[in-house]
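Asks: Here the protein sequences line up with chains A and B, keeping their order.
Quick note, the first sequence lines up with residues 2 to 355 if you use the working numbering.
Quick note, the second sequence lines up with residues 2 to 355 if you use the working numbering.
The set of hints was computed from the structure by calculation and includes no laboratory data.
There's no promise every hint is true.
If chains are identical, the list can't say which one is meant, so a pair holds when it fits in one copy or spans any two.
Derived lysine-lysine pairs resembling DSS-like cross-links, with alpha carbons at most 30 Å apart [what the hints assert, rightly or not]:
(1) K263 with K287
(2) K140 with K43
(3) K235 with K319
(4) K311 with K105
(5) K211 with K311
(6) K235 with K287
2 protein chains.
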Amino acid sequence: MATIHDVARLAGVSPMTVSRVLNKSAPVKAETRGRVELAIQKLDYVPNRLAQSVVSRNGARILALVMPDIVNPFCTGVARGVEDTAQNNDYVLIICNHDDDPQKEEGYFRSLLSLKVDGFLLMPSGDKAKRNIALLADKGCPFVLIDRKPRGYVGDYVAGDNVNGSAELVRLLLSRGHSRIGFISGPNQISTARERLTGYQLGLQQSCIKFDPELVFPGESFESGIAADPALTKFLGLACVPTAVLACNNTLAIGFLRAVRKRGMDVPADFALACFDKIAVMDLIKPTVTAAIQPAYNFGTIATQLLLEKLRGSPVEKHREIILRPEIVPGESTEGYQHTALCSEPHRKAKAVN
Amino acid sequence: MATIHDVARLAGVSPMTVSRVLNKSAPVKAETRGRVELAIQKLDYVPNRLAQSVVSRNGARILALVMPDIVNPFCTGVARGVEDTAQNNDYVLIICNHDDDPQKEEGYFRSLLSLKVDGFLLMPSGDKAKRNIALLADKGCPFVLIDRKPRGYVGDYVAGDNVNGSAELVRLLLSRGHSRIGFISGPNQISTARERLTGYQLGLQQSCIKFDPELVFPGESFESGIAADPALTKFLGLACVPTAVLACNNTLAIGFLRAVRKRGMDVPADFALACFDKIAVMDLIKPTVTAAIQPAYNFGTIATQLLLEKLRGSPVEKHREIILRPEIVPGESTEGYQHTALCSEPHRKAKAVN
DNA sequence: AGCGGCTCTGATATCGTTAACAGAACGATT
DNA sequence: AATCGTTCTGTTAACGATATCAGAGCCGCT
Chain A
2 MATIHDVARL
12 AGVSPMTVSR
22 VLNKSAPVKA
32 ETRGRVELAI
42 QKLDYVPNRL
52 AQSVVSRNGA
62 RILALVMPDI
72 VNPFCTGVAR
82 GVEDTAQNND
92 YVLIICNHDD
102 DPQKEEGYFR
112 SLLSLKVDGF
122 LLMPSGDKAK
132 RNIALLADKG
142 CPFVLIDRKP
152 RGYVGDYVAG
162 DNVNGSAELV
172 RLLLSRGHSR
182 IGFISGPNQI
192 STARERLTGY
202 QLGLQQSCIK
212 FDPELVFPGE
222 SFESGIAADP
232 ALTKFLGLAC
242 VPTAVLACNN
252 TLAIGFLRAV
262 RKRGMDVPAD
272 FALACFDKIA
282 VMDLIKPTVT
292 AAIQPAYNFG
302 TIATQLLLEK
312 LRGSPVEKHR
322 EIILRPEIVP
332 GESTEGYQHT
342 ALCSEPHRKA
352 KAVN
Chain B
2 MATIHDVARL
12 AGVSPMTVSR
22 VLNKSAPVKA
32 ETRGRVELAI
42 QKLDYVPNRL
52 AQSVVSRNGA
62 RILALVMPDI
72 VNPFCTGVAR
82 GVEDTAQNND
92 YVLIICNHDD
102 DPQKEEGYFR
112 SLLSLKVDGF
122 LLMPSGDKAK
132 RNIALLADKG
142 CPFVLIDRKP
152 RGYVGDYVAG
162 DNVNGSAELV
172 RLLLSRGHSR
182 IGFISGPNQI
192 STARERLTGY
202 QLGLQQSCIK
212 FDPELVFPGE
222 SFESGIAADP
232 ALTKFLGLAC
242 VPTAVLACNN
252 TLAIGFLRAV
262 RKRGMDVPAD
272 FALACFDKIA
282 VMDLIKPTVT
292 AAIQPAYNFG
302 TIATQLLLEK
312 LRGSPVEKHR
322 EIILRPEIVP
332 GESTEGYQHT
342 ALCSEPHRKA
352 KAVN
């Protein structure tokens with residue numbers, strides 16, 4: 002592969018002159034520039050950004066997005082937002098899936114640090130990610146968090162209003178006649194799970210309904226919907242079975258829907274269902290699921306813009322938190338409840354199962 | 002940030018010795034190695050892979066995946082397969098969306114070449130990508146194609162059996178009593194669209210049904226389902242309206258489903274529907290859509306393995322084509338046709354619309 | 001003529017790392 | 001004691017680019 006020396010030789014100038022033509026970093030006589038450009042073209046010369054990066058001590062115009070799992074449609078949306086913004090600013094994007102595993106996350110961080118990426122977009126693995134994030138801060142590598150933040154973290158952050166979104170879903174369920182609402186939570190490690198649980202409690206409290214810890218199932222995994230099956234088992238085993246379920250995210254809701262059907266029941270006939278985050282092709286699912294839909298794509302674009310601003314300088318900038326409100330989209334999954342099965346009498350299907 | 006010199010100074014050795022400890026490239030006395038390792042730890046030294054790459058003339062252990070759109074679930078699946086395999090082999094992955102635009106694709110190629118990525122995984126933008134691919138070949142940069150290949154391309158390639166998959170879907174539709182089957186195609190630029198059209202024709206031919214060009218709608222875009230709406234309009238305008246539709250990919254099928262409903266019709270009541278590629282949360286969609294599902298994740302892992310083998314050497318290896326068969330998954334979208342509406346009498350809903 | 005200030009170009013040093021060579025230290029063999 | 005082969009370490013030169021400085025050439029002004 003041609004180097005700047007080859008171009009220089011062919012054009013009969015010094016490498017430095019070629020560099021100046023490439024970067025327009027100093028005036029070059031038109032005639033000389035012409036010769037250089039011709040040589041560049043003839044050799045189809047592509048400058049080596051790695052070498053540029055070493056000497057200029059800048060990154061190689063690479064951003065990194067470290068997130069749970071690109072397959073989750075919420076993550077996919079974020080990723081596309083990040084990539085578009087990166088591309089518009091002439092950066093390329095490295096994508097890493099940590100599967101909510103802090104060790105995998107740390108491995109990526111070290112790898113990416115050694116690549117001198119310019120900055121990180123980060124959906125952290127959970128509270129344990131704090132050490133990993135400290136590593137970035139330690140190395141002076143800029144980053145912006147998306148969607149989640151470890152306990153006690155202060156710094157640039159773009160996320161949804163989980164507390165109010167969740168409370169609003171609860172109010173919606175209450176307004177449809179449900180007073181016993183199960184909550185399928187995510188890992189307590191993860192801020193979104195905590196905040197949505199808080200919102201769940203808040204929503205109940207606002208309607209003067211007592212919070213019953215029995216109704217909360219602590220899913221230990223977020224990204225596969227498998228936690229939903231034991232959650233359903235637990236709910237069905239309760240003396241007073243909930244008539245509605247709020248799932249902490251999209252995969253849990255899908256898992257719940259499948260689990261319900263596996264047992265010959267259905268939504269909304271036997272359970273009303275609502276969840277956080279968009280489900281793919283939502284409009285075609287039967288029943289359509291009531292959801293608090295977050296603007297994932299915007300999470301990505303906004304976070305990337307924040308990061309790029311940091312990279313451009315403005316070093317004494319204060320930390321910024323940007324909280325976007327989810328859109329509550331009512332679906333069929335929360336309609337058609339007859340208000341007969343109250344807490345005093347057991348859930349009809351529950352009888353069949355127990 | 003600490004460099005190899007800082008470590009060397011702290012350990013009281015030369016940088017070269019540190020390098021040898023890091024890379025185990027030559028024996029180092031245990032006691033010296035201990036001092037070096039301690040210094041590395043104390044400084045939390047991270048080697049600069051860009052500098053390593055410059056001097057060793059290897060890439061920086063970066064692969065690139067250039068594809069249409071990460072948001073398409075098929076692409077997402079491929080991406081995850083690629084990323085997992087890359088990660089297992091200590092590579093990181095740059096992801097780029099070209100949106101079927103060859104110019105965008107070329108821009109990425111140049112950018113990635115300048116980053117000296119070790120290799121490319123490529124779902125090309127279409128036949129026009131041939132020039133871009135030639136650019137890679139020219140620079141001696143290894144690559145493997147996935148899912149699509151430009152006309153006349155020979156080289157490493159992993160894809161699905163589009164012809165037979167499509168033919169099989171046609172046979173399935175025929176077996177359900179449909180003899181007039183509309184085909185919503187993708188851009189003729191793209192090999193998968195061509196091959197699936199061929200398969201469509203093959204399937205008809207195998208059952209001695211004459212191919213009617215009127216029944217083919219040439220969608221000029223693949224990735225947004227919008228082509229499906231004009232396709233439906235065209236089909237409804239035909240003297241003899243098809244009773245079934247084969248969509249060239251998942252987004253077109255979804256678009257078609259939406260378009261049908263927008264007009265107050267439905268699937269499968271008014272049209273049977275089948276398509277290529279998986280639709281997200283397929284099992285929950287109503288109706289479930291009959292599809293030829295390709296093992297997207299495996300496309301990614303296999304292609305990446307091929308690429309890594311190339312990188313490891315074995316230079317005179319022949320080109321390899323790996324063709325994976327799609328799984329035909331029958332759904333509700335192709336059931337319940339009453340066999341009354343034959344070609345001789347017009348489609349019932351068509352009357353209402355025309 | 002002398003000076004200052006442009007524009008243009010090249011020589012040299014440098015970035016962080018490794019390749020290639022050279023040499024020191026040491027025990028084992030002749 | 002000389003030689004050899006290890007093992008271990010350092011020196012020097014590169015990799016492909018840019019920063020920095022210095023100087024050449026030219027113009028215009030005093």
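Asks: If a hint holds in the structure, say so; if it doesn't, say that too.
Replies: Here is what the structure says about each hint:
no.	hint	result
1	K263 with K287	both (15 Å within a copy, 16 Å between copies)
2	K140 with K43	between (41 Å within a copy, 14 Å between copies)
3	K235 with K319	neither (46 Å within a copy, 57 Å between copies)
4	K311 with K105	both (26 Å within a copy, 26 Å between copies)
5	K211 with K311	neither (45 Å within a copy, 63 Å between copies)
6	K235 with K287	both (25 Å within a copy, 28 Å between copies)
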